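Given these sequences and hints, build the entire structure.
Protein sequences, first through last, are from chains A, B, C and D.
For the first sequence, the positions run 2 to 327 when the working numbering is used.
For the second sequence, the positions run 321 to 660 when the working numbering is used.
For the third sequence, the positions run 2 to 312 when the working numbering is used.
For the fourth sequence, the positions run 2 to 296 when the working numbering is used.
Hints are computed from structural coordinates only; laboratory data are not their basis.
The structure displayed is predicted, hence computed values, not measured ones.
Think of the CB as a built atom: it goes at the ideal place given N, C-alpha and C, for glycine as much as any other residue.
What follows is a list of derived Cβ distance ranges for each label pair: (1) A:G29 / C:S126: 36 to 46 Å; (2) D:A157 / B:G448: 53 to 63 Å; (3) B:P348 / A:R130: 35 to 45 Å; (4) A:A194 / B:A568: 18 to 28 Å; (5) A:P288 / B:E645: 53 to 63 Å; (6) C:G297 / B:P403: 43 to 53 Å; (7) D:E82 / C:G160: 21 to 31 Å; (8) D:A157 / B:Y338: 45 to 55 Å; (9) B:S358 / A:D295: 55 to 65 Å; (10) B:T605 / C:I66: 48 to 58 Å; (11) A:R130 / C:A131: 48 to 58 Å.
The list that follows gives simulated cross-link-like pairs (lysine to any residue, SDA-like), each with its CA atoms no further than 20 Å apart: (12) D:K194 / B:P496; (13) D:K194 / B:E409; (14) B:K594 / A:R142; (15) D:K194 / B:D502; (16) B:K594 / A:A194; (17) B:K628 / B:A617.
Chain by chain, the residues run as shown.
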Amino acid sequence: MPPLVEIAGLTATFDGVPALRGVDLSVGRGEAVALVGESGCGKSVTWLAALGLLPGKARVAGSVRLDGQEILNAPPATLDALRGGRVAMIFQDPASSLNPVHRIGRQITEALALHRGLRGAAAREEARRLLDRVGMPDSRRRLDAYPHELSGGQNQRVMIAMALAGSPELLVADEPTTALDVTIQAQILELLAEIRRDTGMALVLISHDLGVVAETCERVCVMYAGRIVEETAAADLFAAPAHPYAAGLLAALPPIDGPRRPLAAIPGGVPEPWAMPPGCPYAPRCPRRVAACDEAVPRLATVAPAHRAACIRPLPEGAARELLSA
Amino acid sequence: MSVNDEPLLHAQDLVRRYAVRRGMFGRPAEVRAVDGVSLTLRRGQTLGLVGESGCGKSTTGRMVLGLEMPDSGGVAFRNERMPPPGTPEWRRLRARMAMVYQDPLGALDRRLDIGVQVAEPLEIHGIGTRADRPARVEALLRSVGLRPDQARSFPHELSGGQRQRAVLARALATAPDLLVCDEPISALDVSIQAQVMNLLSEVQARTGVAMLFISHDLRAVRQMSHRVAVMYLGRVVEEGEPDDVLRAPAHPYAQALVSAIPHPGRRGGRIVLKGDPPNPAARPTGCAFHPRCAVAAAVCARDVPALKPRAADRRLVACHVAQGEAAPGAGLPRHALEAA
Amino acid sequence: MLRFLGLRLARALLTMVLVVTFAFVVLRLSGDPALLIMSADAPPEAIAAFRQAWGLNDPIWQQYIRYFAAIFRGDLGQSMRDGRPAIELVAERIPATLALTLPALAMKLGIGIPAGIHAALHRNSFADRAVMLLAVAGFTVPSFVLGLLLVLVFAVQLGWLPSGGQESWRHAVLPVLTLGIGGAAVLARFTRSAMLEVLGQPYMRTALAKGVPWARAVRRHALPNAAIPTVTIVGFMVGSLLAGAVVVESVFSWPGVGRLLVVAVANRDLAVVQCILLLVAATMVSANLAVDLLYGVLDPRLRSAPREATA
Amino acid sequence: MSDIPLGAMPAPAVSAPPARRQARLPALVVLALGWLVLMLLVAFAADLLSPFPYTALDLRNRLSPPVGMGGVWLHPLGTDELGRDVLSRLITSIRMSLLIAFGATAISAVLGVTLGFLAAHFRGLVEHAVLALVDFQASMPFLILALAVLAFFGNALPLFICLLGLNGWERYARIARGLAVSAGSQGYAAAVKGLGASPWRVYGRHVLPNIASTLIVSMTLAFPEIILLESGLSFLGLGVQPPMTSLGNMVGYGREYLTRAPWILLAPSSVIVMTTLSVSLVGDWLRDRLDPTLR
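What follows is the structure in structure tokens.
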């Protein structure tokens, strides 16, 4: 049975500057996969490219299959049908992602009309039910509210309701809680988990916060400079990361308990897209760097069962633990 | 670093009110951004101020620095009252305290190179001579991990982390006694955040500067602070040692805040608050947290709890239930819980 | 909502008062009105009589009050040249001016807005660059140069259209074209930048992510948002319906309000000038008021209080 | 409009972006700059360049066409109804029009920026007063105000320049105030104030230089407006008064002879159009390079 979504060799360039350098990723039916990385690593661009949401001047190549059917650069009619219908997306800043001059109800019923042919009172009633479903207090009155009359958390709930309108098989959440306070973030993450349990919908969570990802996703892909550098089950990644970058990210995270010591910060910064180092892009910052690292860009190879990493000297099982606790 | 018990700075019952117009044409409502906050800063020590957006932590930071005058209450720096902003004494005092900003690019002048901007405080306060200033600047840049040759680069040519280092170098130019950092790392990437946090700790160890570290990220506050104060809607609701507050938070809001921290290796068992933080212009009666509190009792909706040491472990907490003055209720009826 | 209207109405009235005061003060500052109106060599007694008749010897503030009262009564003084009430003279000319400016306004809206939208939707295409170049030309070529060129080509060289006067509709074609082309260019450029701004907004991407086809997303989501800034410049164009054609009316010797103003200024016929000044101010102020009301309708953010933006 | 999607902004530029980013000067802009330099040269060296004194009559070859249309080299651009050499008059007119345009732009910029800074610094009542004035100025078509003042005060050149200086000052005031306020509230100006700098140092050393580039760009956008306004008024016979001559009143006087001697008004008209076009093109190019925020 082919995975729900299969991305292979996806590349995207803007004015000759590559943002994605060959991404391979698959999402199983009902699975929760995380895409983690620092700003500029291409985690959002991956899914915007897959769904054809990039601005006109982006050059996108490679393959994106939904249920085996190729959708990359598909004709607009096909894309319109599957966007919101089979694959829905929500974004980081809820306040600016909603049309400021349309009421909330109208923005939800628009999706209902497109994908479930609901009109008028039936659509409005279904929109109210969706708002209840996403935990919006006093949903009837909120149908007629405008986005600027709601808080960040409430606007994000509206976005989720809009996404559920087409009862999609996959929800892509692009940093859904980054702009929210930590207690509201907890509410939204809880809501997403609930929805997955009820509808069996697959989830792709894009985030820069390892903690957020750890709790909500089964599998994690770590991205660096436009490429996936490690892909494994969430538990394995946090216990024993194979790629030095993933280990570095974990060590840089301030611990929540235990003695307080200086953090193992990763030196230097992310290389610029137009000034990439020759071989492995992480080499200049990597403590395990050897001459061979600069020869070629390492491929995503299996280092353990269901555990892949793009490094010619991945961390052995035990090594990661002491690197983390050192 | 001698930690004399004489506090460097003491702020007592600070209150700051803003008249905020509700919408383009609504009647102006009064918002109490800070409603009676007291705190003490000691040389070589860091006080962490944590809370969500709108809790008044940034306003408190600006009042501690004297950038804003409190409507009531006062700030004493080395036992002298903080002079009103703009006066000559106030300008002289700027040499003794400095601020690190959330957006380093915004705090730097786009048209001047880093060397000139780091030297500016030296010129303003007449420190050193024209001859030895370049050497001082080089030392300052080196002390924050920047290369001397980067003195000639402009802010937009540096990365986020390097810009923050430049802001810090400028702040340290007059060897201040107090450093107020308002969300210094939230605009940076995870790996760069770690670099800046390490740098701030090194600087404190080396110079003994007192620090007020303001952030919404409890993990960062724990990493940096010797004492931590949790704020909610303009008031401090709990204060204590970071490890104690994190391991066993006393105030219900602090408990929710700690349990909401997303952390690898933690699976579920989280307290999820209902509704949104209330509207500061329509502040709930009594304890401002009672509409969202799971153990709220009747008294909580009536009397404002004072921040005082708890009998058991001297932990400062502002909560009738946590102080044992009231039996934990089952939270107030549903409608009270719904946000304004 | 009421307070919103009240505020805008107060501002409109304040502007009118400012204009009236401006006219009153400037009139007094420009030397003794008596000497200006009567020729300098008129006998002293005549001047004294004139001063008395116009109450120029009373204290200044009394003249100011009487001046205001006169305006309310619509008595804006007589034209110095032919003694007829200024307001009558001006009112006669209004239909002629509107006969030019209204069709020109229609042309500006009819051409400018669609061209701007089309250019924004097909960014960097040939159409986009053409609209931009035309817009810069429209923005920089003075109306009288454009008018004279049109006369040179269509009236002199080809002889299709008359070069001046107001006898038939054919006389109006060139002036309307002159007004229309310039205005359409400016509006196209403005609409284009407003559309580009809106097309870059995140909610447009949300619409696509929702499955809304591009054409409908533009119509339903982009246009209503781009309309808000565009209303301002359209309001200004409507406001200058009376004032907009001063130069063009002179080029085509079209007997409108603009032509009258130029003649009045040349002859320093102060009453007529004042009257036109107040009339134009009134139209501008009411147009701005209408724009403010339209803002309230188009942009809900102005109507209701935002969720408290916490400090 | 940000061309790179919001989610994936590239990491801040550590090394300089590739040379491709600094597009070389587009051809149109080079031409425009060339024309403007020519105009400035003509303006400065007017007396040396013009073959005849601009008021010299030469009734013998009155209304002779330009050299291209059968005219004589003595008067390359032909002569007007009084036999005055069109080229000489054109050169002097260019100087007059540019003088007026530069003078008026300078006045409106200085006036606007000072009022903008006053509003930003003193806030409160001063700010409301300035904003009310800005509102008043923006709500009145300037041409009508100018005509009214000209009617009342008659027409002297200094007054005319000051009057034109009143056009567009509200634009500078709005920009200066906006930038000063934003810089002051959370920007670099507040940071420098926090270092103990005096207000003079904050404005002089930091706010003004940063605003200068935005102001220069907006000047290039306002410059054509003033040229159009001056030539319009002069065309109506209400601007520059004879014996002085400007591009506008040359066109005005040339109008009677539109059919018989179109070159009298075509020469100044084309100069007006070329100059305003060039300034706009340079202005647009400058704005995109210096400060894309200014629409």
